[in-house]
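S.K.: Residue-level listing of the chains:
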Amino acid sequence: MARKKSSKQKQRKVKPRQAKQSSVDNYLYVAIPNVKEFRRNILEPARDLIDNIKGYESLKALQEEKKQLLVNIANLVKELQASVSKIERLLPQGLIANALKQAELELKKFEKKKFRIEKDLQSQSHESDQSIATSKISKLFSTGLEQESASPKALEPETSLGETSSSNSLNQEQVTSQESVDKISSIIEERLSKL
Amino acid sequence: MDGKSVFVKVDHYKELLDIMDFVKLKIQEAEREIEKLRSLRAKEDEEIDAWAEKLDDIKRKIAGLYSQVFAPE
Numbered sequence: 001m002a003r004k005k006s007s008k009q010k011q012r013k014v015k016p017r018q019a020k021q022s023s024v025d026n027y028l029y030v031a032i033p034n035v036k037e038f039r040r041n042i043l044e045p046a047r048d049l050i051d052n053i054k055g056y057e058s059l060k061a062l063q064e065e066k067k068q069l070l071v072n073i074a075n076l077v078k079e080l081q082a083s084v085s086k087i088e089r090l091l092p093q094g095l096i097a098n099a100l101k102q103a104e105l106e107l108k109k110f111e112k113k114k115f116r117i118e119k120d121l122q123s124q125s126h127e128s129d130q131s132i133a134t135s136k137i138s139k140l141f142s143t144g145l146e147q148e149s150a151s152p153k154a155l156e157p158e159t160s161l162g163e164t165s166s167s168n169s170l171n172q173e174q175v176t177s178q179e180s181v182d183k184i185s186s187i188i189e190e191r192l193s194k195l
Numbered sequence: 001m002d003g004k005s006v007f008v009k010v011d012h013y014k015e016l017l018d019i020m021d022f023v024k025l026k027i028q029e030a031e032r033e034i035e036k037l038r039s040l041r042a043k044e045d046e047e048i049d050a051w052a053e054k055l056d057d058i059k060r061k062i063a064g065l066y067s068q069v070f071a072p073e
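Protein sequences, first through last, are from chains A and B.
The numbering of the first sequence is the numbering used here, which starts it at 1 and goes up by one.
The numbering of the second sequence is the numbering used here, which starts it at 1 and goes up by one.
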């Protein structure tokens, strides 16, 4: 038992030694030449920090006030909206709707103009299509008559000629169609510029 | 309609006038509130600027202290 106690005592002795060593490691001696200035330098930031905390409080109060103001403004806007709707209800509809009607009339006029222009353009395109179709038909008829009038022996070269003529006519049609497209596009541009 | 005057009957015109006055008042109130909000915002900006300045000052002082204690010349 006596041996055990001695071991415990040894353990107790060891611990404070370790603590002393660690505290010795943290020590540092610094020479301060002007103590008063040093103290002032420590105290001033502390005072400034307190001022800053005060400033934060005042900022918080300002933000609260701002929130309240925003709520007030929102309520005012709601009241204004309600009163404006009341005015709309009480005023004769003719007065309110007058501007709307005028706008609608202008819109209708514009739509009519647009419709007329579109119709004109369509009729012009139809006319051009019709002229192309009539030219096609006349050409077909003419070739058919020529084929009928010609002898059966001379059919083959004629058919070849017919093919060439048909190709020519196709080219002509393409040209006419391109011209018509150009015309239409120019008309559209003119109308658009007028609008 | 061309140049001719049109007469429209307005019912409850007194009520309408009252509402108009109310709307005017409310608009004035809203304008005042907005002005207050603007001034508050300006104050807030000033406070924040002062705060930032003070913080910078504190930072500078602490840096001076640190240099005095831990890195003496």
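Hints should not be assumed to be uniformly reliable.
[To be verified] For lysine-lysine, the following DSSO-like pairs were computed, each having C-alpha atoms within a straight-line distance of at most 30 Å: (1) A/Lys60 / B/Lys59; (2) A/Lys36 / B/Lys54; (3) A/Lys67 / B/Lys9; (4) A/Lys66 / B/Lys9; (5) A/Lys67 / B/Lys4; (6) B/Lys24 / B/Lys9; (7) B/Lys43 / B/Lys26; (8) B/Lys43 / B/Lys59; (9) B/Lys43 / B/Lys54; (10) B/Lys43 / A/Lys60; (11) A/Lys66 / A/Lys54; (12) B/Lys36 / B/Lys54; (13) A/Lys86 / B/Lys24; (14) B/Lys36 / B/Lys26; (15) B/Lys43 / A/Lys78; (16) A/Lys66 / B/Lys61; (17) A/Lys78 / A/Lys67; (18) A/Lys36 / A/Lys54; (19) A/Lys36 / A/Lys67; (20) B/Lys24 / A/Lys113; (21) B/Lys54 / A/Lys67.
[Unchecked claim] With the C-beta cut set under 10 Å, the calculated list includes, among others, these residues of chain A facing chain B: (22) Ile32; (23) Phe38; (24) Leu49; (25) Asn52; (26) Ser58; (27) Leu59; (28) Glu65; (29) Leu69; (30) Leu70; (31) Leu76; (32) Glu104; (33) Leu107; (34) Lys109; (35) Ile117; (36) Leu121.
Because the hints were derived from the structure by calculation, they are not lab data.
Note that the Cβ used here is the ideal one computed from N, Cα and C, for glycine as well.
S.K.: So, for every hint listed, does it hold in this structure?
M.R.: Hint-by-hint comparison with the structure:
no., hint, in the structure
1, A/Lys60 / B/Lys59, "holds (23 Å)"
2, A/Lys36 / B/Lys54, "holds (22 Å)"
3, A/Lys67 / B/Lys9, "violated (45 Å)"
4, A/Lys66 / B/Lys9, "violated (45 Å)"
5, A/Lys67 / B/Lys4, "violated (53 Å)"
6, B/Lys24 / B/Lys9, "holds (24 Å)"
7, B/Lys43 / B/Lys26, "holds (25 Å)"
8, B/Lys43 / B/Lys59, "holds (24 Å)"
9, B/Lys43 / B/Lys54, "holds (16 Å)"
10, B/Lys43 / A/Lys60, "holds (12 Å)"
11, A/Lys66 / A/Lys54, "holds (18 Å)"
12, B/Lys36 / B/Lys54, "holds (27 Å)"
13, A/Lys86 / B/Lys24, "holds (14 Å)"
14, B/Lys36 / B/Lys26, "holds (15 Å)"
15, B/Lys43 / A/Lys78, "holds (28 Å)"
16, A/Lys66 / B/Lys61, "violated (34 Å)"
17, A/Lys78 / A/Lys67, "holds (17 Å)"
18, A/Lys36 / A/Lys54, "holds (27 Å)"
19, A/Lys36 / A/Lys67, "violated (46 Å)"
20, B/Lys24 / A/Lys113, "violated (43 Å)"
21, B/Lys54 / A/Lys67, "holds (26 Å)"
22, Ile32, "holds (7 Å)"
23, Phe38, "holds (7 Å)"
24, Leu49, "holds (6 Å)"
25, Asn52, "holds (5 Å)"
26, Ser58, "holds (6 Å)"
27, Leu59, "holds (5 Å)"
28, Glu65, "holds (6 Å)"
29, Leu69, "holds (5 Å)"
30, Leu70, "holds (7 Å)"
31, Leu76, "holds (5 Å)"
32, Glu104, "violated (15 Å)"
33, Leu107, "violated (18 Å)"
34, Lys109, "violated (15 Å)"
35, Ile117, "violated (28 Å)"
36, Leu121, "violated (34 Å)"
Figure legend: structure checked against the earlier numbered hints; hints not met, in rising order: 3, 4, 5, 16, 19, 20, 32, 33, 34, 35, 36.
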